[in-house]
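Engineer: Sequence:
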Amino acid sequence: MPGGGGAEPDLSLKQRVIQRQRPSSVRPLDRRPAACSGFTMAENGDKEQAQDLDTKICQQVEYYFGDHNLPRDKFLKEQITLDDGWVPLQTMIKFNRLSKLTTDFPKILEALKKSKTGLLQIDEENNKIRRCPDKPLPEVTDEYKNAIKTRSVYIKGFEPETSLDDIKEWLEGKGPIENIQMRRTLQKTFKGSIFIVFETDEAAKKFLENRDLKFKESEMIILSKDEYFAKKNEERKNKQSEAKAKTKQEKADAQKQAEEAEMKALEEQTGWLLKFSGELDNMTSREDVHAIFQSHGEIKWIDFSRGAKEGIILFKSNAKEALEKAKAANNDNLQLKGKDVNWVLLEGDVEKAALKKLMEAQQESLSKWKGKGRP
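When the letters of the sequence shown are read in order and numbered with the numbering used here, they come out as residues 4 to 378.
Bear in mind the hints are in silico, worked out from the structure with no lab data behind them. For clarity, every value in this text was computed on a predicted model and none was experimentally measured. Errors might be hidden in some of the hints.
[Unchecked claim] Derived pair list, reagent style SDA-like, types lysine to any residue, alpha-carbon separation capped at 20 Å:
1) Lys219 - Thr165
2) Lys159 - Tyr147
3) Lys328 - His299
4) Lys330 - Ile302
5) Lys342 - Lys319
6) Lys319 - Gln272
7) Lys267 - Met362
8) Lys50 - Ser155
9) Lys328 - Ala364
10) Lys177 - Tyr147
11) Lys152 - Gln272
12) Lys312 - Gln272
13) Lys177 - Lys217
[As the list claims (entries may be wrong)] What follows is a list of derived Cβ distance ranges for each label pair:
14) Asp291 - Val353: 42 to 48 Å
15) Trp304 - Ala331: 21 to 27 Å
16) Ala331 - Asn285: 27 to 33 Å
17) Leu85 - Thr250: 25 to 31 Å
Ideal Cβ positions, reconstructed from N, Cα and C, are used throughout, including at glycine.
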């Protein structure tokens, strides 16, 4: 992975060899022409291969100490606290990608001495390296994060088995790149998408101008980071809306099933309906009906409106038994607000038709109540 793109070294900076009795002497990196910059290749033949290896070594080590990796690398952050920022080369070759390139100390040092970034220092004994104290990590402010965001691009469409080297090769010639982040699942599986950070806003803008790119035969999805987050926010809103709609539908389905089950249970019962009619007082209410039966039978529902001349009572058990008890308690003269009432126990098809009508009225009433919502 490419290292953090550092600035050109301050050639006016005076670096001197510290006496051997002082801790960790420092050797400045050589200022020879660099093989360690971007994805450039050198000459043909053995020299080309050697310079290519130097480039990869340099990129990899500078990536470890770069602005993007170092703040997130718990192990390396711990190591730099142990010896004034110095990390032994013996420790560095334990890093997988560097060890795959080489474990030879002289080769690593040779590559680093060709760097133009001035990011790293080598100690006098050639045993340790560190990030140059004159190049501290940037402060992570809102301004810094916004600057990174404007240089960032999201790319999706890679195959799961794609390697970082495959991606680096594909990106060659597409602009100077500071960092590549392969997005992975919690199980470390590659998601097939990456974030790349270009060295400049202009490079990112130029890359985004040509989005008709393919990796092998796959069409790529290419977005700026702002476009990526806008897309994700829209997807999140859609998922939330879909989840709410699904929950609402599931509740409605459950309610319907419960009502159907209740209706079926009621249909299997008989003798639960009692019809009443007569010249009722216009102020007669359902509460009046409840009052005369409250000690004689439990009522489930009353289909009656104030001012009506008839209604139906649905008991939770036998209506005949409730009626007989209420009459007995009122000397066989069961009235509503002083008005005579004709009480009829419904049976057979009449009962079934009335029950169906009653359940529909009950459902309509419940639906209206739900539609009003709660305050």
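Engineer: Look at each hint and say if it fits the structure.
Structural biologist: For each hint, the structure was consulted:
1. Lys219 - Thr165: holds, 11 Å
2. Lys159 - Tyr147: violated, 25 Å
3. Lys328 - His299: holds, 6 Å
4. Lys330 - Ile302: holds, 16 Å
5. Lys342 - Lys319: violated, 26 Å
6. Lys319 - Gln272: Between Lys319 and Gln272 the Cα gap is close to 10 Å, so the pair holds against 20 Å.
7. Lys267 - Met362: OK: Lys267 and Met362 at ~11 Å, within 20 Å.
8. Lys50 - Ser155: Not satisfied, since the Cα-Cα distance of roughly 34 Å exceeds 20 Å.
9. Lys328 - Ala364: violated, 28 Å
10. Lys177 - Tyr147: violated, 24 Å
11. Lys152 - Gln272: violated, 70 Å
12. Lys312 - Gln272: violated, 27 Å
13. Lys177 - Lys217: Holds, because 13 Å separates the two Cα atoms, which is no more than 20 Å.
14. Asp291 - Val353: 42 to 48 Å: With a Cβ separation near 25 Å, Asp291 and Val353 fall outside 42 to 48 Å, so the hint is violated.
15. Trp304 - Ala331: 21 to 27 Å: Because 24 Å falls inside the window, the suggested range holds.
16. Ala331 - Asn285: 27 to 33 Å: Holds - the Cβ-Cβ distance for Ala331 and Asn285, about 29 Å, lies within 27 to 33 Å.
17. Leu85 - Thr250: 25 to 31 Å: violated, 54 Å
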